[in-house]
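Novice: Spelled out from the first residue to the last, the chains are:
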Amino acid sequence: MKIRLNSAIYPLEAILNACYCFIDRAYIYLDTNCKKETINIFFKGKSRLSEKELSCLRGEFMNELLHCALRYRISKENKKVREYIVGRALYSASGLTEDSGLSGKKAEELDYKKDSLGIAIPWEKKYGKIRKNAKPKV
Amino acid sequence: MPSLKFNTKIYKKEAIQKAISAYSHLARFRVKDDKDYKVVEIDKVDPDLKGIFCDEFANYVLGMSKK
Numbered sequence: 002m003k004i005r006l007n008s009a010i011y012p013l014e015a016i017l018n019a020c021y022c023f024i025d026r027a028y029i030y031l032d033t034n035c036k037k038e039t040i041n042i043f044f045k046g047k048s049r050l051s052e053k054e055l056s057c058l059r060g061e062f063m064n065e066l067l068h069c070a071l072r073y074r075i076s077k078e079n080k081k082v083r084e085y086i087v088g089r090a091l092y093s094a095s096g097l098t099e100d101s102g103l104s105g106k107k108a109e110e111l112d113y114k115k116d117s118l119g120i121a122i123p124w125e126k127k128y129g130k131i132r133k134n135a136k137p138k139v
Numbered sequence: 743m744p745s746l747k748f749n750t751k752i753y754k755k756e757a758i759q760k761a762i763s764a765y766s767h768l769a770r771f772r773v774k775d776d777k778d779y780k781v782v783e784i785d786k787v788d789p790d791l792k793g794i795f796c797d798e799f800a801n802y803v804l805g806m807s808k809k
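Chains as they are written, first to last, in my numbering: chain A, 2 to 139; chain B, 743 to 809.
Among the hints, a few may not be true.
Unchecked claim - Facing chain A, from chain B, some residues (calculated, C-beta under 10 Å):
| no. | residue |
| --- | --- |
| 1 | Lys747 |
| 2 | Ile752 |
| 3 | Phe771 |
| 4 | Lys777 |
| 5 | Val781 |
| 6 | Ile794 |
| 7 | Cys796 |
| 8 | Asn801 |
| 9 | Tyr802 |
| 10 | Leu804 |
| 11 | Gly805 |
| 12 | Ser807 |
By construction, these hints were calculated from the structure, which means they are not laboratory data.
A virtual CB, placed ideally from N, CA and C, is assigned to each residue, including glycine.
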């Protein structure tokens, strides 16, 4: 079975991906003309296939090809956003955050047990005991 | 001697090389350049695989080209 595709409609990457999905069911060979305008796909079933089965295989392949072409287009369109998201995630994971201004190593050096900000000190110890008759300031 | 013509616009040269090294214990290969094609001549194929060897090899190259 031979399928002839226009490479302007279906990019080569999508064709390769679609073919890859079928290499367990068929032997596939690809060829193109000198200008790379059309890509010819030759299918040969691994087992002997009837006309109906071949037609079914062709239909399934064309559907898969459409799916791969769409996925390829979406991934191409979203490339910048994807790279930005991954870059942002890696940047935050590295410890170089904009808020702290500390590198990962410096942040690790700050030991919470030392309590440099005095958070663990009780209120009474820090500001004295609360007087019972003290009137609240208005 | 069977031969396969791989168009270099579709199949990667590295993929052909990788496939040859993966199948080298089953046959003997010779690669020639022919304009846009890499012609792989296959010789001394393992007798058990004679019927399917070329097709399986072409599929392997396709799989490697996709990666």
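Novice: Evaluate each hint against the coordinates.
Specialist: Hints and how they fare:
1. For lysine 747/B, the interface hint holds, since its Cβ comes within 10 Å of a Cβ in chain A; the closest pair sits about 8 Å apart.
2. Taking 10 Å as the C-beta cut-off, the interface hint given for isoleucine 752/B holds, the closest approach to chain A being about 5 Å.
3. A cut of 10 Å between beta carbons decides the hint on phenylalanine 771/B: the least distance to chain A is about 17 Å, and the hint is violated.
4. Taking 10 Å as the C-beta cut-off, the interface hint given for lysine 777/B holds, the closest approach to chain A being about 9 Å.
5. Here the hint on valine 781/B is broken, as its CB sits about 13 Å from the closest CB of chain A, past 10 Å.
6. The criterion of a C-beta within 10 Å of any C-beta in chain A is met by isoleucine 794/B, whose closest approach is roughly 8 Å, and the hint holds.
7. Evaluation of the cysteine 796/B hint against chain A yields a held restraint, the C-beta minimum of about 9 Å falling below 10 Å.
8. Interface hint status for asparagine 801/B: upheld, as the beta-carbon distance to the closest one in chain A is roughly 5 Å, under 10 Å.
9. The restraint placing tyrosine 802/B at the interface with chain A holds, with a minimum CB-CB distance near 9 Å, inside the 10 Å limit.
10. The interface hint given for leucine 804/B holds, since its Cβ lies 6 Å from the closest Cβ of chain A, which is under the 10 Å cut-off.
11. Interface hint at glycine 805/B: satisfied, since its Cβ lies 6 Å from the closest Cβ of chain A, which is below the 10 Å cut-off.
12. Against a cut-off of 10 Å between C-beta atoms, the interface hint on serine 807/B holds, since the closest Cβ of chain A lies about 6 Å away.
In summary, the numbered hints that this structure violates are 3 and 5.
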